[in-house]
Each structure stands twice: as C-alpha cells, then as structure tokens.
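Engineer: Protein chains in written order, with the working numbering: chain Y, 1 to 327; chain V, 328 to 818.
The set of hints was computed from the structure by calculation and includes no laboratory data. Computed from a predicted structure; not experimentally measured. Please note that the accuracy of each hint is not assured.
[Unchecked claim] Among chain Y residues calculated to face chain V with C-beta under 8 Å, some are:
(1) Tyr-29
(2) Ala-202
(3) Val-215
(4) Lys-218
Each residue gets a CB set at the ideal place from its N, CA and C atoms; glycine is no exception.
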Amino acid sequence: MAGLRKIIGKMRNTKYWELSGLIVLIITYSFIIQLNNKTFLSFANIINILSQIVVFGILSCALAFPMINGTFDLSISSLCALGGTTSALICTKGLYGIKLPFAGAIIVSILICAMFGAINGTIISRTKIPPFIVTLGMDITIRGVVYIVSNNSPVGYLPPEYLALGSSTIYKIPISVLIMALIFLIVSLVLGRTSYGRKIYANGGNYEASYISGVNVKGIRFSTYVISAVLAAIAGILMTARVGSATPNAADSYATTAISSCAMGGVSLSGGTGTVLGIFLGSAMMGMITNGMNLMRIGSNWQMIMKGALMIGAVFYSMWITNTSKR
Amino acid sequence: MFDYVLEMKSISKRYGGIVALDNVDFSLKKGEVLCLVGENGAGKSTLMKILTGVVKPDSGEITLKGKLVRIDKPIDAYRLGISIVHQELIQIPDMTVAENIFLGRYDTIGPFISFKSLRQKTERLMEKIGIYFDPSKKMKTFSVAQRQLIEIVKALSYDSSIIVFDEPTATLTIDETRQFYEVVEKLQKDGISIIFISHRMDDIFNIGNRVHVLRDGKTTGVKDVENLNADDIIKMMIGRNLSQQYVTKTNKPKDVILELEDVTNEKIKSISFQVKEGEVFGLGGLIGSGRTEVLKAIYGIDSYEGKIFFKGQLVKNRTPKESILSGFSFVPEDRKDEALILNESILRNISINIIDKISKCGFVNERLENSIAENFMKDLNIKAPNQNAKVYSLSGGNQQKVVISKSLASEPTVILLDEPTRGVDVGAKAEIYQIINELANKGYAILMVSSELPELISVSDRIAVMHEGKITGIVEAISSTEKSLMELAIK
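Bound-form chain Y, shown alone (with noise of 0.2 Å):
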C-alpha cells in the first residue's frame, strides 16, 4: 500500500495528473463504444475522428494562447470564416479586385485576420476594456464583415488545388489531419519549451508579477491575439478546402467547442495553466463523442447534451485534482 501511494505521490507532481481523469475518461469510452461497434477503434475510423476534429482542435491551439495568457478571444469563430471565405474570394472570383492564384489567397487571407488579431490586440493590451466584451464585439463585427465580402452566398468553384488540400491524402492519412498534427506539435513546442510561451504562461498566472519581473506584459498580449487569428484563419481554410465551399455562417458554433476543448484539457480561464496535450484530448474526447454516438446511432441532440455534461465533469476533475494535491 505504500508503494502505491509513493508512485501516486510521484505522479502526482508531474503536469499531466491533472490529465488522468480525462485520459480514463477517454480509454472507458473507447471500450464502450467498441463493444457496441467494432468498427470504432479501426484505422479508417480514427482517422475518421481525426478528420472531424481538424478545425475546432485548431481553433483551441488558437484559442489557447489568449486563455493562457489569462485572457480571451471570443472572435476565433468568426475569424475561421473570414479567413475561409477571403481566401476563396481572391482565388476565384476575387476580393475588391484582389485575384492571386491558390498559394497567395492563402498568405492575403491570413495576413487579414492577422489585422484584425492586431485590432483586437492593441485595444485589449492598451485599454481597460474587458476582453470578454472586445472580442465578443469583434466577432460580432467581422461576422458581418464575413456577409459583405461574400455577399451573403457561399464562395464556390474552388480551383483544385484548395480541394487537394481538403482531400488528398498521404499513406491514407489526410493532408489536413497532417497539417493539424503539424499545428499541434508547433504549438506545443512553442508553449511549452520556448521563453516566449513561459512569458505568456507567466503573464496569465500573475500580470503584475511579470511586469515587475521584466517581462513585456503588453507585448505579449498583444501578440496572442493575432496569433490566434493567424491559426483561425488557417482552421477556416482547411474547413472550406474539406467542405468544399466557403460559407459566410460557417464555424458558427465552433469557438464553444474550442472552448470546452481547451477547458477539458486543464486551461483554466484565469490563466497560467494548461497544456497542449491536454487541448488535443480534449478535441479527441470532443470529435470521439460525436463519432461513437453516430455510430450508436444517437442523435445529435443527446451529443450535446453528453458533451456539455462531459465539459463541466471534466473541468470539475482537474479543479479538484488540482486542490486535493494542494492539501
């Protein structure tokens, strides 16, 4: 019984404890969904679920570094379909004139959201207005933005190159899935072991701790938000390259999903805490909860429902895993 609680105890101090729950939460799951269906664990049905979960497990990478840092941004949502619907414009029929082939629609529609990222960046690191309300307002305004360009009907006729992106595959894995491992990992790197991810991890456990420490507390801020735009734009691409047309109402309900991703995966809204590894499963419990109950055949509503329940058990785990190894 000792020896238990000494490997517990050792467990205990690294930063994936907090991701145990989730981690059974996940394994129990699979086996009951197996048991039902044997096709759930099969190669093609992850990759499945892979596929499903490529543009809110972006956004919660995008979303994560305003959250960490202690902030928020509720304009991802929009920004996704800015980015989708901009980068279609320019390479078919065009933007204002703007017409570019596939690769430089790409860089215009990214360096767009990044304007507005910067936007919504200088007023949060410059103004006492609460985050919250900022991007609220911004989504509200680049939704209406995303209307206008495109003129309130779907962005069609892509060239094939967009669909390639959305479709091809290498050794039967999809591009995009690659690209969205890609994303994750970068990220990861970039939180977890580079100086610029311990300043925003330490710019969101304590803001005035960071300045008096030296650290460029506006700066960052700052720059977690056009971040957050850049790889929403690029969730919007991806989503248009899959689906095949860009939508100006696309991603409508994604940053909710984003959030409760980042919010299962240990990122508290106060900031300072979370890991990568922890957003990616949570957009796997998230992607895997909608595969298996299809596959269940239960309906869509019962999946909110679950998933819902699912987010506030979950965030309820890490809290009190966090304050049982306080005592």
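Following the hints, position chain V against chain Y.
Structural biologist: Chain V alone, transformed into the frame defined by chain Y:
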C-alpha cells in the same frame, strides 16, 4: 477536569509526505487567553483549522467541557460555540454591518428580512464589548481595525464560548491595538476563552495568561506567561537565542555606485542620496512616507523627474525590463501579488527574470535553468521536495527566498529590497539577514526598506529616514537607536 473547557488530544495531520502536526496535545482553560505561538510551518494554523472544522485530523480527538465532540465542518464548530476571527477578514464590503454579522441567519417577517430586529440584535451585542458602529453602514466604510472589532461581534453572535484570533494585531496601530486589548479583556470577564495566534511579544506579555509553543508540528512548551521572558519564548520557538537572530556585519562599503539627485514625483520630493558598493542602505519611516515609491522610481515602475547616476553615468530606467538589463533587481513588498506566480514551480519562478538570457533561438535551455534553480535552493536553503514544487505550497520564509533567488538570478549590481522579512518566521528571518550580509560582503549595493526598527538598525550601514515624501535625515546605523529614528520619522 472541567477547568479545561477544551482539550485536543494526540492530534496528528500530514499533507502527503509532510507532517504538519505530530501527536499534539492542546488544552484551553476557561476564561483564559492562551497564546499559540510558533514559526510559520510550525502547525499553528493547521491546529486551528482542525479546531474550526476546516480540516479533518488524521487522528486524535477533541473534547469540549469533558464531552467528546466531532467537528467535521465549520458549521459544527460554530454550533459548538467555537468561532475564529481570521487574519484576512471574510466580510462583504458592500453589505452593511448588521447584514454581515448575521449573514445567512436573517430574521424574517414572512419572506421579508426584518432589518429592525437585525439592527437591535447587533447593537445589543456591541454593547457587550463596549464598542459602537452604525449597523446600517456598509462594511467598506470602516477601517481594518474597526472591521476586526466587528468580526468579534460576529463571533459573539454565535454565542461563542471559545474565540480564536489569528494574528489580529499585525495590521493595527498602537491605539487600535490598545482598544483591541480592552475588548479582549471584556470578553474574558464574560467567561469566554480565547486562543490568540501571534508572533508578537507585545501581545503575549500584555494580555496572555499562558503560552503554547509549537515547533515543526510538535509542542515544545506550555508555560504561564508570568514566568517567562521574550528570550525563553523565542528559544522554544526556534531553539536559538534572541541575540543570535541578527548577524554581525562583516561587509566593507567601497565607492559610490548609485546616486539620486533631486528625484521627484507625485509621492516623493527632492530625494537625494548616495549608495556605495558593498553597503546596505536602509530606508526607514512610517507607512506611507514614500520609501517604496523611491524604490519604484529607481526600478522604473514609476516615472520621476530628477537624475539618477549609476556607475557615474546618467540612467533612466523606464520599465522593469530596462532596470533588470542595466543591473537592478527588486524584491517587492507584497510577494504574492507582485513577485510570485503562485501556481508555478520554484524553477519557473526563479527563471522568469532571465528567461531570455537562458534561451537560445527562443528555446529555453532547461538544463541550465535547472542547475541555476538547484544552486539557489542549496545556497539559500529553500526547503521544498524539489524545484518543481509549486510556490503556493511553500511557507512565507521559503517563498521570500524564492523571490530573492529570482532577483539574484539576473546577476544585478544593485538590489532593492522592500520589507524583505515581512510575513517570514523567525528562523527564516535570521537566514535572510545572513544572506543580505553575504551579498553586501560580495560587493552588491543593497537598498532596504523596513518598518522594523531593530532590523533596520542591525542590518543597515546607513539609514535614510523619510517623512511625507521627503528625507528627514541620513544617519549611521551604528549610532542610531529606535528612538532617534522614530523622531526623524515623525518630524
């Protein structure tokens, strides 16, 4: 048997691998004031948390007036007549006094709260201890000292026979403390038994009847106050003598390295002084006299007019970042709000000041980071399982050592200390004085703000005393007394 209104027997509690209390026996006589004394981490707050139902002991039992009782949650303690007045008052600023006192227990006429009866009840309770505050005024309109007295009224409203006070005089002025002692004496006369957690000798010798000393989770002494002096108590607390608390200074100041000329801003006026390498320059004065503001101006947190010369050259640090880069570091007064990131590890708290220096191409050199932290933990004797332990789990003294490590990590030339031993227990205080002496020996220039006059006198070489934003005098520490400094502070 019934002489003792409370008996806690064989109380043990561990948190993971750390033993907070080890078979502690604690008893309280009816109508007495018992001072519970001990360093931070000795177990006093754990013991009281067990008594007031916040925490459950691993083993042991509690008897009240001879009867065995179970205290599993705070409401159990209240119902048994035990209440606690916390150091950080738990009050709702925007509600009135009466509403705060009777929170959750409002008298009602039908579904409506009877404010009249609340008011009357409150006034009657206040009479008992000879104070009066308007029950219909909002809590936030009162001072900390007044709110503390109101908290006592709240304890009375539960018909408490045992009241625990947690460091109540820490933030009170001399007059407020005197009024507080009078209230405590009134409570005693009413037959209420009092447990007084305090570090301060004044409290113990002014109103204490007995003293119960804890060290490292064990009882080291339970004695009547009249047979003791301060040295006896300190010895029971830390196992050392009072005279060993301060370190004999061995530093030799050299040339002037920092000079302030007419530094002025909203809070400070025409500040001019010089600090030498290897010198400890103390800043004394009453709270609000501007000492912290002088440090903040030097460190770039506040702007100022005037000149600051560093190593002979004119400097103007506009942000903390610039200050750190040019060789300054700052240990702020309020480490929890201004210096530490509480839910991060010791390692990451120490490295944040120099995170860019130890990174190559943006990637943190984790091996270097670890060895820096290990060295500091060893040199400053920071007690923790390892450098990944979270800072919130450390005692005040160890937390302060982490902040000091942080400030030393950037290899500064000038170190600015603001109340470096505030909220630090006696043992760690002595260690910090040792650290300051060694730093001065090594040639660092140190500015130290302190409100503890004995500390100021024994640690500094020279002292500048401030009053209302101006310097009223710069004196040699050796020839200063508490009286002479106080005279300068109120000039």
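Engineer: Would you settle whether the hint for Ala-202 (chain Y) is holds or violated, based on the nearest Cβ-Cβ distance to chain V being less than 8 Å?
Structural biologist: With Cβ-Cβ at 5 Å, under 8 Å, it holds.
Engineer: Going by Cβ atoms only, is Lys-218 (chain Y) closer than 8 Å to chain V?
Structural biologist: 10 Å, violated
Engineer: Given Val-215 (chain Y) was flagged as interface, is its beta-carbon under 8 Å from a beta-carbon of chain V?
Structural biologist: Result: holds, 7 Å to nearest chain V Cβ.
Engineer: Given Tyr-29 (chain Y) as an interface hint, is its Cβ closer than 8 Å to any Cβ of chain V?
Structural biologist: 29 Å, violated
The structure fails to meet hints 1 and 4 from the earlier list, while all remaining hints are met.
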